[in-house]
Each structure stands twice: as C-alpha cells, then as structure tokens.
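Undergrad: Each chain, letter by letter, is given below.
Protein chains: 2
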Amino acid sequence: MTEPSTRPETLTVHVPLDGGRAYDIRIGRGLIDTAGDAVAALGGRRAAIVTDETVGALYAGRLRESLERAGLQAGIVTVAPGEGSKSYAGYAAVCDGLLALKVERGDLVVALGGGVVGDLAGFAAATLRRGVRFVQVPTSLLAQVDSSVGGKTGINAPLGKNLIGAFHQPRLVLADTAALDTLSEREMRAGYAEVAKYGLIADPGFFDWCEANWRGIFSGGPEREAAVASCCRAKAAVVTRDEREDGERALLNLGHTFGHALERLTGYDPARLVHGEGVAIGLALAFRFSARLGLCAGQEAGRVANHLALAGLPTRLQAVPGGCGDADAILDAMAQDKKVRDGALTFILARGIGQSFIAPGVDRTEVAAFLRNELTADADV
Amino acid sequence: MTEPSTRPETLTVHVPLDGGRAYDIRIGRGLIDTAGDAVAALGGRRAAIVTDETVGALYAGRLRESLERAGLQAGIVTVAPGEGSKSYAGYAAVCDGLLALKVERGDLVVALGGGVVGDLAGFAAATLRRGVRFVQVPTSLLAQVDSSVGGKTGINAPLGKNLIGAFHQPRLVLADTAALDTLSEREMRAGYAEVAKYGLIADPGFFDWCEANWRGIFSGGPEREAAVASCCRAKAAVVTRDEREDGERALLNLGHTFGHALERLTGYDPARLVHGEGVAIGLALAFRFSARLGLCAGQEAGRVANHLALAGLPTRLQAVPGGCGDADAILDAMAQDKKVRDGALTFILARGIGQSFIAPGVDRTEVAAFLRNELTADADV
Chain A
1 MTEPSTRPET
11 LTVHVPLDGG
21 RAYDIRIGRG
31 LIDTAGDAVA
41 ALGGRRAAIV
51 TDETVGALYA
61 GRLRESLERA
71 GLQAGIVTVA
81 PGEGSKSYAG
91 YAAVCDGLLA
101 LKVERGDLVV
111 ALGGGVVGDL
121 AGFAAATLRR
131 GVRFVQVPTS
141 LLAQVDSSVG
151 GKTGINAPLG
161 KNLIGAFHQP
171 RLVLADTAAL
181 DTLSEREMRA
191 GYAEVAKYGL
201 IADPGFFDWC
211 EANWRGIFSG
221 GPEREAAVAS
231 CCRAKAAVVT
241 RDEREDGERA
251 LLNLGHTFGH
261 ALERLTGYDP
271 ARLVHGEGVA
281 IGLALAFRFS
291 ARLGLCAGQE
301 AGRVANHLAL
311 AGLPTRLQAV
321 PGGCGDADAI
331 LDAMAQDKKV
341 RDGALTFILA
351 RGIGQSFIAP
361 GVDRTEVAAF
371 LRNELTADAD
381 V
Chain B
1 MTEPSTRPET
11 LTVHVPLDGG
21 RAYDIRIGRG
31 LIDTAGDAVA
41 ALGGRRAAIV
51 TDETVGALYA
61 GRLRESLERA
71 GLQAGIVTVA
81 PGEGSKSYAG
91 YAAVCDGLLA
101 LKVERGDLVV
111 ALGGGVVGDL
121 AGFAAATLRR
131 GVRFVQVPTS
141 LLAQVDSSVG
151 GKTGINAPLG
161 KNLIGAFHQP
171 RLVLADTAAL
181 DTLSEREMRA
191 GYAEVAKYGL
201 IADPGFFDWC
211 EANWRGIFSG
221 GPEREAAVAS
231 CCRAKAAVVT
241 RDEREDGERA
251 LLNLGHTFGH
261 ALERLTGYDP
271 ARLVHGEGVA
281 IGLALAFRFS
291 ARLGLCAGQE
301 AGRVANHLAL
311 AGLPTRLQAV
321 PGGCGDADAI
331 LDAMAQDKKV
341 RDGALTFILA
351 RGIGQSFIAP
361 GVDRTEVAAF
371 LRNELTADAD
381 V
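Top to bottom, those sequences are chains A and B. For reference, each letter of the first sequence is one residue, going 1 to 381 in the UniProt record's numbering. For reference, each letter of the second sequence is one residue, going 1 to 381 in the UniProt record's numbering.
Derived from the structure by calculation, the hints contain no laboratory data. Even for Gly, the Cβ is constructed at its ideal location relative to N, Cα and C. Any given hint could turn out to be false.
[Unchecked claim] Covered stretches of chain B, as calculated for chain A (at least 3 residues, CB under 8 Å):
(1) 92-103
(2) 150-164
(3) 349-359
Just need the whole structure built from these sequences, with the hints factored in.
TA: The following block contains the structure:
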C-alpha cells in the first residue's frame, strides 16, 4: 500500500443539540481501531456491537478488541446483510440479542455498518429498556454522510419503508473513512448520490466543488474526509434547527419521494436498485419536474443529470432494471410515503442548483403527466 | 339500574409536563360516549381505535360513533385479549393495522382497554411514522390508576416483561369509571392493589382513607372517582418531577420487583396470576422484607397484608397457584428486571406505611434468606 492507512488529521463536526444531547462526528482514517477510548469516555460498562455478516467479518473483531482494550465488556449481535434485516423480525432479533448480552440502561449499543445496521441498531437502542445510548460507526459512504447523523432510526413495514421508528440521537459518530476502501464501486456511487444532494439542496458552491473533486472522494484522497465533513456539517445544521422534521428538515428528502417509490416498486431488491441509485434518479427527476413546472432552468436540470451520470449513477426511470411500472404505479407507491399529509403530495422542488424548497400540495395530475412524459422520453436525452 | 349511569361531576387531573406536552386526565362516568368532542379538540382528521376483542365488543362501537359524530374518521384495530398481545408479533400487527387505516402524522391513536392495550397501542403510536399522538381510554381500574398515566409504553420480550418500549405521553386520558362496572371481581381486586400502593408509597392518609372506603370503589360509589383521581394526582406529581425514571419515579415500582418475578415464574398466565395479584404479594413482601431488615415495624407490615387480604388479594408466595419455585428461581427472575443496574438488585423498601424509599445495592444473600423464610413460613401467618 502506497496510501498510508491513517492520516493524522481527524475532522470533527459538532452537533449542538439541546438537553445534554449534543454530540461529535469524528471523520478520519483508522477510527475503528481507536474507537475504544472514545466510546469508553462516554461511560458505561458494556458496549454491544450490532453489525451485519459482511461488515462484521471485516471490522467487528477489530472494533471489539479496541473496546476491550479500553476496559469495556464487548459483545456482538450479527444480522444478515441487506434491507431485509430492517424488518419487524430483524428488530426483534437485535433486541433479543442485546438483552441476551445483558445490555442495561447505562450501557451502549454500537452500530457498525451501513445505513441498514445504523437504522436498525439505532431503533433497537431507542426502545431497549425504553432507551439506551448508542454510537454510530458507519462503514458506508451513504451512512457516513447521511443516515448515521441526525437521529432518525427505524425499520420498514410491509406497507412502506421507514414507517416504524424513533428519533434517537447517537452520543458519538465515528466515520472511519478507511472503511470505504472495501466498498464496491457501486456502493460508493450510491453513497455519492447523497453527497451531491447536499450541494443541490442549499449549497451551489459545494456542488461546484463536487464537480471538480468527486474523483478524489472515490479514490480515497483527502477530498473524501473533506466531503464527508461538509455533508455532516450541512446535515447537522438542518437537524439542529428542525430535529423532528416539522419544517426544513424535509429538504433532506430531495430526490427521496421519487427514490423511495422506485425502491418499493423494485421490491427493495438491491440486485435491481439500491437506495442511492433510487435517490440519483429521484434527484434528476426532481430537477426535471421543477424545470417542467417552470421553476428552474432546463440547463440546471441537465447539469444535475450530467454530473450524476458522470459519476456512474442512473438518472432515468428507464434505467431501473426490470422496469418500474407506469405513472399510476409510481404515484401509488409515492402515496404511501410518510411525507403524505392529509392526502396531498409533498415534493422537494428546486429553483436551481442549491435552491431547493418544500412544495406541499403538488397536483397529482401534474405529477402523472410528468411521469408519463419521462417514461416515453428517449433514454439518451 | 338504580345507580345513574352518569354523574354530573367529572374530575380533572392536570399533568403539567413541559415542551407542550401537558395533558389532562378526566375521570367520570360516561366519558366513552362523549369522547368524540374531547378527541376532536386535539386536531387531526383520523382517530384509530386500538382495542382487544373483549373490551372492543363492549365499547368500541360506542367510542367510534362518538368520534364520528365529532367529525373524525374512525377505524378500529383489534387484538386478542391478554398479555400475549404485548409481544413483537402483537406490536407488528397493531402497527400494520394502523398503517392500513392510513394513519398519518397529524392523526391520533386511541387506546381503548386495559394496561395491555394501553402499553401496546402507546408503543405503536410512539413509533408509527416515528411518533403520532395518542389518547388513553383506560377501561380497567389498573389502567385508570396506573398504566394509562405517565407515558410508559412497551411490550414484553421473551427475556422479560416491558423490556422494549418508549416514553410517549398521551395527549389526553379519559377514564370512564362506568366501564369498571363490567370488570370481574378479580380484575377490580387486581387494580385495587395499585390503588393501595399509592398510599403505601408516600401518603399514609390515603391508605387510612382506603381502609375506610375501599368498598365504595368496588361498588361504584363516588369513592371510585375520588380514588382514581387521588392515584392519578400522585402519579402525575411523580412523573412530572422525574419523567424518565432517573430517580424517584422508581418508587412507583413498590411491590413490582417481587411482583414481576412472580409473573415471569408463572409464565404470564393470567389463569395463575395477574399483574395486580403479583403486585399485592410484592407489596406485602416489600413490607415484610423491610421489617426483617429492621427498617419498619412488624405491625405496619401486618397492617398492609391485612388490608390487602380483606380486599381479597393474595399476600403470600404460597398463594401463587402452581407455586413459584424456590428462592433462587425467584432471585434469578428478579435479576432480569429493568431495575438491575450494574448487576446490583434495587428494591423499593419502606420505613412504614407511606414512607417508601429506593434501596439500591440490596445484598442478594439477604434477599435469598428472606425468601427461604417466606417459603417455609406458615401460610396463615
């Protein structure tokens, strides 16, 4: 290896929540091996790691050793990899596993893995003995820039994704950027959709930076830590102002109303579509829909799609392997989303790159016409 | 019926929690039939009733009509009666039922039933779409004086009772005391153990009053509303000062460390032991254990047991149908309780009636010797 496995610089993003719930996000290479001291500093006797088979095989042993070196009793609960574990059955298995490890109220749950593990372990921690503290150790780019920060935890219900859950903030997030070295290209790309999203929501300068620097994020240059820190700062700022999504936090769902519908329509089958790919298509759709409504210049929508495509991400409904049904099917899949309120569809739309806004009460007919047009449009456009 | 089905007086106990979470407990005859206006005043389009087959057959139709008269869309989710529904499977069924009724973030869940329904529906409400509001309509004495107030919600895990849950305060509690007319004598007695508990914890005057007036609570005289209101006031005061049980709220567990262990050892089989019976034995044990430790006069312990027995409640381990195992079995069953912290046993003990206190770190050997003595003592003592 010519690349050093650790860099001296660890970046820290502080999330200044009230009520004693403020926490730090640390971002740097090698943090898994030094996690013990950071976790032990939070107090407690026991730290129970929740992970999946894939991530656990790579990192759970090292994390456990670090925790034990710091004097903590450590145990491991392992689930099957993939979205299927974010279910009622997966939740029951994690809770029972933590109880079997005798996790008590003062102890800690440590989520080691991607978004699925973080959401699942976080929800188990939120509800085990009516709430124990937890630490996020996200190992995917998606989890490092998005799901590990902000306290949304939960599982899927048969009727839809993330319909069951709790707001439960972590006490610490350790984003070991060296862990991303073991991700597949496809997983990196999927996470990158969420990175680009932060520029598209409210930071045109960050989107410019992404266009110039995205390759460094993928290859593991210092751009990686810089990007993760930028995303976490952006998310932390939104979450601090609107923790429970009564308002602007909904902006973080840019691309997600379409994206979640596509995930539903492909049966949450990662062989067909992973979350970040759904988000990438959703981002492109949100901008094209905004352009169609006359809110945003068509060339801005084009610039969004071009950049996502350059990074290897899908940007069209036609790119969904096996297809995603017709406009009505997509609309029905969107209607079960949490963001439905009193039956009206709420979208995040944009007046340009970095100028997104919440649009409640979008007309269903307008969406249907847009989707029909998209489904018949030339896939190369 | 010579007894009027409604009395003009409805008593109100206010629970002054912060953060916009203050709520009222209303206590009176006939509140189910007038619930609609009270629930509609909270806002929202839809109210989903969660109930069990037994209570639902008696009251769900009337409650639904009242909600609909007030302009709410009402639906009903029904579970099997009994502690078995407070399970992972019961939780999933209630959540999926509420989602099928299209309960959205601004809507309300209405728990209609005893402690099982309130705990289960409250936990589903706490976690459905990461939290929707809920109303408690408790129909058992136990639920009216204890479980419907204070925001503890949850389910049982195979490893123990109430090990999974959330703190989620109701927006309103409607305790219809006429609903108690349909309870069996055994259910009334079980609830009465929790009534007497409030006197034993911190209010010797209320225990005196109970000794003089308990028959009126059972027969449905005005003593019933007075007792429910006294208990709710006492609980509300404790919960307001210590919502998340960091301290004095643990006093409400007087009798429960023993009681929960007995419930575990009888397999949560209501044919053998219901919660309130476990609590009654636990209250008597807590006072006799306190007397044995020299903390409390023996005649105080005798007075407690005598009163509970007069009300028809069990007060000895020997009264558990089918037995409850030996001292070690009881100790092991207690060790899995939530109130274990860093492995030490925490008990609520008493220096006399109305003088309970939290005793952390009670010596296991001391408890074992006490239990062995209890198990060999003459059951008539």
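Undergrad: Would you mind marking each hint as holding or not holding in the structure?
TA: How the hints compare with the structure:
Coverage of the stretch 92-103 of chain B by chain A holds in this model, with 5 residues showing a Cβ closer than 8 Å to a Cβ of that chain against a need of three. Note: the stretch 150-164 of chain B has 8 residues with beta-carbon separation from chain A under 8 Å; the three-residue rule is met and the coverage holds. Using a Cβ-Cβ cut-off of 8 Å, 0 residues of the stretch 349-359 of chain B lie near chain A, which falls short of the minimum of three, so the contact claim is violated.
Comparing the model with each earlier hint shows a violation of hint 3 alone; every other hint is respected.
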